[in-house]
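K.L.:
Chain by chain, the residues run as shown.
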Amino acid sequence: MSIRTAKKLRKNTLRKRTAVSEILIRADGRIFAHNITPAMARVLSGLDPSNEAMSRRAATIF
Amino acid sequence: MTGIAPPIRPPAQRLRPTVARERAPQAYALLADCRLCAHDCGVNRLAGKTGLCHAGTAARFFSAQTEVSDELELIPTFAIALSGCDLRCDFCITGASSWNVRAGGSLDAVTMAALARTALRNGARTIMVLGGEPTIHLPAALELVSFLPSTAKLIWKTNAHGSASARDLLDGLFDVWVADFKFGNDDCARRLARVSDYTRIVGENLLWANTHSRLIVRHLLMPGHTDCCWRPIAEWLAAHLPGVKVNLRAGFWPAWQAQRHTEFRSPLETSEEDRAFRWARELDLNLIA
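Each protein sequence line maps, in turn, to chains F and E. If you're matching positions, the first sequence starts at 607 in this note's numbering and goes up one per residue. If you're matching positions, the second sequence starts at 92 in this note's numbering and goes up one per residue.
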């Protein structure tokens, strides 16, 4: 494989990967999340602004 | 043994990639008689044999992204999750990938290091290597470290079920160990994760990690296991690692095969959570978020 082909392959591999978070909303209204990205933290913080821990995660500069 | 964080040996940060590069072939050679984790299988992974984790010689990853789910002092972290694990926790939140060494994409150390450097440039404070369980992919993890910036703050996120030989090869390479202490007794460990002699092995790993790195211990509260699991863990931490940072998590999620266990069909009761945190305070544990 040429260096050029290898670089192209690598670039394509990177493009294919997108960030993933998962959330679970229970019947009692509680929201669980894991693999929280900064963008997801902002969404979750918006859903419950009183959640101080999530606000701090959402405030992470990224 | 004191839980007060001891002075970490001189960082020798400039040498870390070099040390990792030197150790990677040693780790690879150990695959011929694999005893990287405490299952102590002794299989020859170089010859295509596999042990309980099913890992071969090549590592794969199922996630590599910047996250803010971890401890506040570590985030944002660029988290690299390697596929496969040596434990079989029925409630594993990433069970499909953590139990499957073939999940995700092939790990190329150079490419992954480039992604990590980009994340650092964009504001990530740390790089976390996790799984599954990264210990079973020690050669690949060391190769990855050899390509990471020498000044990056590296986190080793582990189930604390590694062997002494794995610890030796990891010594001095990661700034922080984030280690799970999942079960407070061996019966629950056997039933929920199919692992024996669990508490002794985890204890040994935690004591080692506390003297060779910065240590954060995590425990995920499980419905119905506050008394049998969290209580003895809390007492052990208070007795053996006083002052160690503890992240007590209450976000149990009935994932993967959790439904196989009747106690996991209900969420964690608020009363259980309250009791767990009360014990932690009574035992003067150093809780962090």
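Among the clues, some could well be false.
What the hints assert, rightly or not - 20 Å max Cα-Cα, derived SDA-like pairs, lysine to any residue:
hint, chain 1, residue 1, chain 2, residue 2
1, E, Lys244, F, Arg632
2, E, Lys244, E, Thr202
3, E, Lys336, F, Leu650
Claimed, not checked - Partner residues are not named here, just some residues of chain E that face chain F (Cβ under 10 Å, in silico):
hint, residue
4, Gln156
5, Leu163
6, Pro167
7, Thr185
8, Gly186
9, Pro240
10, Leu374
11, Leu378
12, Ala380
Source of the hints: derived by calculation from the structure; they are not laboratory data. Glycine is no exception: its CB is placed at the ideal position from the N, C-alpha and C atoms.
K.L.:
If a hint holds in the structure, say so; if it does not, say that too.
P.N.:
Each hint, compared with the structure:
1. E/Lys244 <-> F/Arg632: 36 Å, violated
2. E/Lys244 <-> E/Thr202: 19 Å, holds
3. E/Lys336 <-> F/Leu650: 26 Å, violated
4. Gln156: 4 Å, holds
5. Leu163: 6 Å, holds
6. Pro167: 5 Å, holds
7. Thr185: 8 Å, holds
8. Gly186: With a minimum Cβ separation of about 12 Å from chain F (threshold 10 Å), the hint on E/Gly186 is violated.
9. Pro240: 18 Å, violated
10. Leu374: 22 Å, violated
11. Leu378: Given a least distance of 12 Å, the restraint on E/Leu378 is violated.
12. Ala380: 6 Å, holds
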